[in-house]
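Residue numbers (the working numbering), protein chains in the order written: chain L, -15 to 369; chain E, -15 to 369.
Source of the hints: derived by calculation from the structure; they are not laboratory data.
Built from N, CA and C at the ideal position, the CB exists for glycine as well.
Hints are supplied without guarantee of correctness; some may be wrong.
[What the hints assert, rightly or not] Estimated spans, in silico, between C-beta atoms of each pair:
| # | chain 1 | residue 1 | chain 2 | residue 2 | range |
| --- | --- | --- | --- | --- | --- |
| 1 | L | N148 | E | P153 | 49 to 55 Å |
| 2 | E | R229 | L | L252 | 53 to 59 Å |
| 3 | L | R12 | E | A118 | 32 to 38 Å |
| 4 | E | R275 | L | G94 | 38 to 44 Å |
[Said to hold, decoys possible] A few chain L positions that, by computed beta-carbon distances, are all more than 10 Å from chain E:
| # | residue |
| --- | --- |
| 5 | T20 |
| 6 | T55 |
| 7 | A67 |
| 8 | A100 |
| 9 | P130 |
| 10 | N140 |
| 11 | P151 |
| 12 | A255 |
| 13 | T258 |
| 14 | E279 |
| 15 | A289 |
| 16 | E298 |
| 17 | R324 |
| 18 | A329 |
| 19 | I335 |
| 20 | A369 |
Number of protein chains: 2
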Amino acid sequence: MTSAPGSPGDVLTLISAGFATTRSDLARLTGLARSTIAQRVDALIERGLVEETESGESTGGRPPRQLRLHTEQHAFAGVDLGATHCRITLMDMSGEVLASCEDQLLIGDGPETVLAHVDGRLDRLLTEAGRPRAALRAIGMGVPGPVEYATGRPNNPPIMPGWNDYPIPEYFDGAAVLVDNDVNVMALGEQRNAFADTHHLLFVKVGTGIGCGIVAEGRLHRGAQGSAGDIGHIRVNGHDDAGCRCGNSACLEAVAGGAAVARRLTELGIAAETGADVVALVQAGNTQALRLVREAGRLIGEVLASLVNFFNPEVIVIGGALSRVHEHLLAGIRETVYRRSLPLATHHLSIVPSRMGINAAALGAGMLAIEHYLSPENVNRIVNA
Amino acid sequence: MTSAPGSPGDVLTLISAGFATTRSDLARLTGLARSTIAQRVDALIERGLVEETESGESTGGRPPRQLRLHTEQHAFAGVDLGATHCRITLMDMSGEVLASCEDQLLIGDGPETVLAHVDGRLDRLLTEAGRPRAALRAIGMGVPGPVEYATGRPNNPPIMPGWNDYPIPEYFDGAAVLVDNDVNVMALGEQRNAFADTHHLLFVKVGTGIGCGIVAEGRLHRGAQGSAGDIGHIRVNGHDDAGCRCGNSACLEAVAGGAAVARRLTELGIAAETGADVVALVQAGNTQALRLVREAGRLIGEVLASLVNFFNPEVIVIGGALSRVHEHLLAGIRETVYRRSLPLATHHLSIVPSRMGINAAALGAGMLAIEHYLSPENVNRIVNA
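Isolated chain L (complex conformation) (with noise of 0.2 Å):
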């Protein structure tokens, strides 16, 4: 019980998810007195989070007032920021997108010139879509490292150096700082977008790093330290030479990430340092490429079979770098999940491309924003201040 029944965030919720479109569905739902809903009501309309309109189907007599969600007023950003890029969406409280940005930037110019950038293009996004400063209420952002999510503030990124513990929610004021890791937004933004009626879905996006994020009952799985879907470092058969970065070896990342399968191509004496330039010796036709990349899926899919028998979802999404070539990816990991993971766990199983690409982490931010900000409890402490 997180939130009184009939509370101001409840009479919110009726109404965002369409259940309630009048005072009188309200008073119908609830159980609540008359009076009380007015109240609610009048609280919701005040805040700027409800408006109600004249334009209800007549059934005889006056027509009802309709209430909805007051879009107008508010505004909410998901931050994507990558190693080297930043993406900002700026969307409504429905999560219709306003305006958006793309830049190149280096997240190891380190928080105070990364989040003054975000802060600038903040600006001009809210300009651009004619809200003031102050409409922006909340921002969703994810970052390429481990996250404490209770505080906003980096753990230990191994690719964010000078972000360690920094405190990246004190730094925006007036709005609500939600921080996340990349691949829980991405998780996020596929599913709300993509899979809305999946309830347990897999993201895992392969880059130069590995990574996972986890929806269980259409809620993203963080786990006790916020660590979940740290999949990268999962032990693979039989590449017992190969060191990982974390000091074990036969780490999944080390042998079937971008850098790793670029390493192995520079090996073969093909020129390759990253996990773009593998996409792009595939995309010109490179069969050693080509056939790397298939068994760094065949990799992939040993680690997500036992993944599929212990979490059985119903979708896993592939995406991050290594996705652009996904046909090559995507038969090697589905060759191995077909063969080892249990037929009653595989018989409804999805293995798909990321529908909503380089957008899904903005998006997901964006929605990590507008549903902190619409939950009941966040309502309640929003009417009640």
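With chain L fixed as given, assemble chain E onto it according to the hints.
Chain E only, in chain L's frame:
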């Protein structure tokens, strides 16, 4: 939104969770009109779900009447069916144990024989507890095989001949019947009774086979087809010569289950057939048995190391027949998990033997029954019937 806020079911939840002990509490917490509260409470009292006493503390004037769950009228059963046993626990609505029994019973005798036995025992336990048969509102049941949870039908269970697709709930009149895999009810029994503050828990049963029950955010995670937790057929490193009954090789169960350890002892000239034989040998100080149990622990730990990275649990509970010699099994498991999992995920991780022991399954099955019966959706159905 599964039930309207302020519904009778929500009112009951406020009472059962201890948030409300008077009608005034309910009015304050829900914002419902006094007359609506009176209707809700009267309906709950009429159905025997709530009782109202005169025993409140006086604050001057007439002491307020106290609301609480009416635990005298209803009864709930938790049934634990194993390959060779039947344990039943009869509980009241608060989870208090009223009576229990344990018998030898062969699941292989088929559903008619086994369920007739259960039915007879239920009558006896109800008589013992002084409650009529009609008081039995819900039965939770754990069975040693996969189950389609929504229908209560076993799904090709390998050690339950005659049970495939048998509609277990239809056997029992007048009570809701919830059927689940035994490992799932063990996980629930353990978490609800011994680890109530732990939101993310794995229960690993190491018997003849190996399975896992998953508690995520305090709820059982069954996955898309209900097959989540089936970890016995995850592949382990370097055992490709070990064939498994599933048709694959190197499955965890085929190298580390009780039957596999017994077989390896036999190969060494030490007679053993089952997990129980292995346990007896360890308890008698047989060093080969001890060594092989520890080695089984290491193999189980290898799989759990991957699942710790993926799921990030707070607690892993080890149960099942082999856990009776848990110091050796756990030593092997801990050795591998702490070496192979990521530090962030193991820092606060506990790996412990089952605290509820042989009672975990029946207690968990009983909780499944009570939680189903007291769910807002079910209470609303009862009140509106």
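Verification of the hints:
The hint said 49 to 55 Å for the Cβ distance between N148 of chain L and P153 of chain E, and at roughly 54 Å that hint holds. About 41 Å separates the C-beta atoms of R229 of chain E and L252 of chain L, a value inconsistent with the hinted range of 53 to 59 Å. Judged by the Cβ atoms, the range 32 to 38 Å given for R12 of chain L and A118 of chain E holds: they are separated by roughly 34 Å. Here the CB-CB span from R275 of chain E to G94 of chain L is close to 53 Å, at odds with the stated 38 to 44 Å.
The beta carbon of T20 of chain L is not kept farther than 10 Å from every beta carbon of chain E, the shortest such distance being approximately 5 Å. Every CB of chain E lies more than 10 Å from the CB of T55 of chain L, the least distance being 20 Å, so the non-interface label holds. The beta carbon of A67 of chain L is kept farther than 10 Å from every beta carbon of chain E, the shortest such distance being approximately 20 Å. Every CB of chain E is more than 10 Å from the CB of A100 of chain L (nearest about 29 Å), matching its label as outside the interface.
With a minimum CB-CB distance of about 7 Å to chain E, P130 of chain L fails to clear the 10 Å threshold, and the non-interface call is violated. Chain E draws N140 of chain L into its interface by the beta-carbon criterion, the shortest separation being 8 Å against a cut-off of 10 Å. Every beta carbon of chain E lies more than 10 Å from that of P151 of chain L, the smallest distance being close to 19 Å; the non-interface claim holds. The claim that A255 of chain L lies off the interface holds: its Cβ sits roughly 33 Å from the closest Cβ of chain E, which is beyond the 10 Å cut-off.
Remark: the non-interface label on T258 of chain L is consistent with the geometry, its nearest Cβ contact in chain E lying 24 Å away (cut-off 10 Å). Chain E leaves E279 of chain L outside its interface by the beta-carbon criterion, the shortest separation being 17 Å against a cut-off of 10 Å. Not every CB of chain E is more than 10 Å from the CB of A289 of chain L (nearest about 7 Å), against its label as outside the interface. Remark: the non-interface label on E298 of chain L conflicts with the geometry, its nearest Cβ contact in chain E lying 4 Å away (cut-off 10 Å).
Some Cβ of chain E comes within 10 Å of the Cβ of R324 of chain L; the nearest lies about 6 Å off, and the non-interface call is violated. The claim that A329 of chain L lies off the interface is violated: its Cβ sits roughly 5 Å from the closest Cβ of chain E, which falls inside the 10 Å cut-off. No Cβ of chain E comes within 10 Å of the Cβ of I335 of chain L; the nearest lies about 13 Å off, and the non-interface call holds. The beta carbon of A369 of chain L sits about 18 Å from the closest Cβ of chain E, which is more than 10 Å, so the claim that it is off the interface holds.
Checked against the numbered hints given earlier, this structure breaks hints 2, 4, 5, 9, 10, 15, 16, 17 and 18; the rest are met.
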